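Visitor: Note that the protein sequences, when read in sequence, are chains W and L.
Per the numbering used here, residue 1 is the first one in the first sequence, and the count goes up by one each step.
Per the numbering used here, residue 1001 is the first one in the second sequence, and the count goes up by one each step.
Hints are supplied without guarantee of correctness; some may be wrong.
Incomplete in silico selection of chain L near chain W, CB under 7 Å [as the list claims (entries may be wrong)]:
| hint | residue |
| --- | --- |
| 1 | 1066 |
| 2 | 1090 |
| 3 | 1136 |
| 4 | 1137 |
Using C-beta positions, here's what the derived DEER-type ranges look like [said to hold, decoys possible]:
| hint | chain 1 | residue 1 | chain 2 | residue 2 | range |
| --- | --- | --- | --- | --- | --- |
| 5 | W | 498 | L | 1143 | 54 to 64 Å |
| 6 | W | 36 | L | 1121 | 37 to 47 Å |
| 7 | W | 147 | L | 1121 | 12 to 22 Å |
| 8 | W | 192 | L | 1121 | 56 to 66 Å |
| 9 | W | 284 | L | 1121 | 33 to 43 Å |
| 10 | W | 481 | L | 1051 | 47 to 57 Å |
| 11 | W | 481 | L | 1144 | 54 to 64 Å |
Don't read these hints as lab results, they were simulated from the structure.
Bear in mind that the values here come from a model prediction, so they are computed numbers and not experimental data.
Virtual Cβ for every residue (Gly too), placed ideally from N, Cα, C.
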Amino acid sequence: MRPIAAACVLSALLAAHARPAAQSIAVRGPYPAVVRTGEAAAVVVVVDGADAPVFGALPAVDGLALDAEPARTERRFTCVAGRMVEQPTTLWPIRVVAQRPGSFTVPPLTATVAGTTLSTPTLRLEALAEPAPSPDAFVALHADRTRAFLHEPITVRIRFGFTRAFAAEHLVPMFARPLQVQAQLRASFCAGLPHAVVSGGNAAPATGVTFALDEAVAHATPLGEVEHDGRTFVAYEITRVLLPTHAGALEVPGPGLRYAWATRFTEDFVQGRVAADRREGCAQAESLTLQVDPWPLDGQPPEFTGAVGRFTVDAEVEPRRLAVGETCRLTVKIAGDGDLTRFAAPALASPDFHVLGKVEQVDARARTIRYDLRPVRAGATLPPIGFAFFDPASPAGYRRVESGPIALEVVGGSGTETVAEPAPRRVPGVDDVFDLGSTSAARGSGPARLSGGLLAGALAAPWVLFAALAWFHRRRERARLDPLGERARRAAATFAARVAAPDADTGDAFVGYLADRLRCPPAAVIGPDLEQRLLAAGIEAALAGRVARLVERFGALRYGGAARAADAGEARQLVDALEAQFRCGGRR
Amino acid sequence: MRALVLCVAAAACCAGMRAQEDPLAEGLRLYRAGDFARAHECFTTALAMPDAPHGDVLFHLGNAAFRLDRPAEALWHYRRALGHLPRDAELRANVAVVEARLGVEPPPATLGEVLLAPLARLTAGEQLGLATALQVVGVLVWFAARRRATVRAVAAAAGLAGLALGVRVAVQQAWPQPTSAVVLQASALRAEPDAGAATILALRPGETVRVAGEHGDWIEVTHPLATGFVARAAVGLVDGT
Chain W
1 MRPIAAACVL SALLAAHARP AAQSIAVRGP YPAVVRTGEA AAVVVVVDGA
51 DAPVFGALPA VDGLALDAEP ARTERRFTCV AGRMVEQPTT LWPIRVVAQR
101 PGSFTVPPLT ATVAGTTLST PTLRLEALAE PAPSPDAFVA LHADRTRAFL
151 HEPITVRIRF GFTRAFAAEH LVPMFARPLQ VQAQLRASFC AGLPHAVVSG
201 GNAAPATGVT FALDEAVAHA TPLGEVEHDG RTFVAYEITR VLLPTHAGAL
251 EVPGPGLRYA WATRFTEDFV QGRVAADRRE GCAQAESLTL QVDPWPLDGQ
301 PPEFTGAVGR FTVDAEVEPR RLAVGETCRL TVKIAGDGDL TRFAAPALAS
351 PDFHVLGKVE QVDARARTIR YDLRPVRAGA TLPPIGFAFF DPASPAGYRR
401 VESGPIALEV VGGSGTETVA EPAPRRVPGV DDVFDLGSTS AARGSGPARL
451 SGGLLAGALA APWVLFAALA WFHRRRERAR LDPLGERARR AAATFAARVA
501 APDADTGDAF VGYLADRLRC PPAAVIGPDL EQRLLAAGIE AALAGRVARL
551 VERFGALRYG GAARAADAGE ARQLVDALEA QFRCGGRR
Chain L
1001 MRALVLCVAA AACCAGMRAQ EDPLAEGLRL YRAGDFARAH ECFTTALAMP
1051 DAPHGDVLFH LGNAAFRLDR PAEALWHYRR ALGHLPRDAE LRANVAVVEA
1101 RLGVEPPPAT LGEVLLAPLA RLTAGEQLGL ATALQVVGVL VWFAARRRAT
1151 VRAVAAAAGL AGLALGVRVA VQQAWPQPTS AVVLQASALR AEPDAGAATI
1201 LALRPGETVR VAGEHGDWIE VTHPLATGFV ARAAVGLVDG T
């Protein structure tokens, strides 16, 4: 499946970078293009631009097994000419397995989209012959158990070997680097497994014979002659310890063995014995499936921190006699056959002691925790140190062990006297938290939720502003598009400003007011039809008559008539009256 | 003798009233005195008060839980406090210390979280202020730059981004939804919301998982290695505010 997934990802990436087409078909693969017999290659047919293409039947090719997986459609957005366009892409993965060696041609694969049949080009696949497993070599994978609990170590052994005659007469070096065993073991799980930690194991040999483990030189333990499937082999063994970190099925892929051998040799003056018909051989071990169970939740003690195995705990304190305020060192040693790194150290919760710090050390058989303690009162005693772990041995269950009594005598004071809080030796932020001793009590946070009023105000304010600006903008636009109307609306204010000016000409100002209101030039105001025009603008007859007469008087004044002081006041009164009528019903 | 008893009773009564009036101050006093258990109770009471400074209370609650040797619970409170004090360096340091002690790591950030990381350093109020400012600036620029289409487009984008942020904050405040959860006790991630369902993964105390949904007494969570269901009682929920 891995090649298929890789091909799908590759296809998706290529499709994502491709220019969008209306409807197109493309094929990715086969990947890899050259396989060994029995291996699978991945082919992915990609149809762009169609929602539900109908794929044609898979062609039959002698020597190939084609197996189609369900097609899936992905949607992606593409920018075309500055617009975002959603385009469907349908991927149709096909698995091609070579059943025999040879060179194969796969006919075009087809898809029908809206009545149109699209075809891929022909595909080519090369299949090589798999070297037949030799009866003179073997590799096997064993585990000391097939079912384990989380964090329970599982020892896995890989054994491999050759018959003595084969090793002596036919085995030839695979690599230029000299090895004591001319073989390469392919065991990828030794580098790590997804849900387990792989380590070298307690019995990992520091010495032994050298061989190739994947791409590195490793050491294997010689086992001498062992029986396997009724034959005798000179065998070697490597050991790895798996520590499952997740519950569920844990699959350990079977290792493979590669070697080179020959039947005919020539003697070379420089290189000595040289293979004349060198060829490669292989052997393959079966995979192992291990079942990893989680720890039971029932009966789990509160002090359990993940230790799995069988442990003992021992504690001692030094010095055994001290005064209040002095420090002592408590050494707790947890030993056992489980993993010593995947649990937390026991917590010391005695109110009679301040824990100033702790140092931990782990070796192959024990984990040692050294606590620096300071008693706070005379007569303080240390309770035995308890440690809970899960014992996977039958019957599996949680166990709790305790150290023996810890002999300690704290002297000084009356027995109830406490010492002042010692200066903290822990460093906040490194091995301790920041709290009141290292920071201010108030950190300036607010209530849990923002008030509804604040939320509503914050959300509404921009829209109120938007509405206000829109109204203002609309008003300005209206004024810009209707200058006469704007003049009419501002006529009274203009009149007031003009009569308030020094040396004001009330007559001109009054005529200007009427011109603004009647939306005509000032020169057009004075005329015999002024009264009718005012009546047409909605002004009462009496008021219109008064206005006409006053305009006449102002005209006479301009041509030498006698001025009346009361005319200016009357003009103001008439403007007020006219404004009232213009606003009520007149033209605005 | 009677007077002495009355005095003691009055003092106890006053202390009780004081604790009722300001449980946060009382909790701080008890914390300073080393009575972490009672301080924890007072902080829990303070947390139920709507006007209490929740970030501060959660910070102190986490400290009390840490001192009571309940690091997973402490981590839960710290993570909740981060929503109120997102730029508090000491709070972040406390999270790191507790995670180191528990031997857990925070879940890897998603693409969305990476993109919204700057926002995550702002409180809800600050995000709301930013949203309002973006909208106001967008509106003003929109009206000011009437003849410049590019500037108006940028202003519209800023305004819409502010609107989206404001709506997001409002929705989170009005209907807070848990976004993550801290595992408080060793528990099993199961394939179905049922105690008898198959175990997918053993969850360690202190691990932080993303919440995908709620199903009665079960929470659907996403762990970096698997997705499944965990009992609601075994985790502490952290909402997205």
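Visitor: Compare the structure with each hint and give your call.
Guide: The hints, checked one at a time:
| no. | hint | result |
| --- | --- | --- |
| 1 | 1066 | holds, 5 Å |
| 2 | 1090 | holds, 4 Å |
| 3 | 1136 | holds, 5 Å |
| 4 | 1137 | violated, 9 Å |
| 5 | 498(W) / 1143(L): 54 to 64 Å | violated, 34 Å |
| 6 | 36(W) / 1121(L): 37 to 47 Å | violated, 54 Å |
| 7 | 147(W) / 1121(L): 12 to 22 Å | violated, 48 Å |
| 8 | 192(W) / 1121(L): 56 to 66 Å | violated, 36 Å |
| 9 | 284(W) / 1121(L): 33 to 43 Å | violated, 54 Å |
| 10 | 481(W) / 1051(L): 47 to 57 Å | holds, 54 Å |
| 11 | 481(W) / 1144(L): 54 to 64 Å | violated, 21 Å |
Of the numbered hints given earlier, the model fails hints 4, 5, 6, 7, 8, 9 and 11; all others are met.
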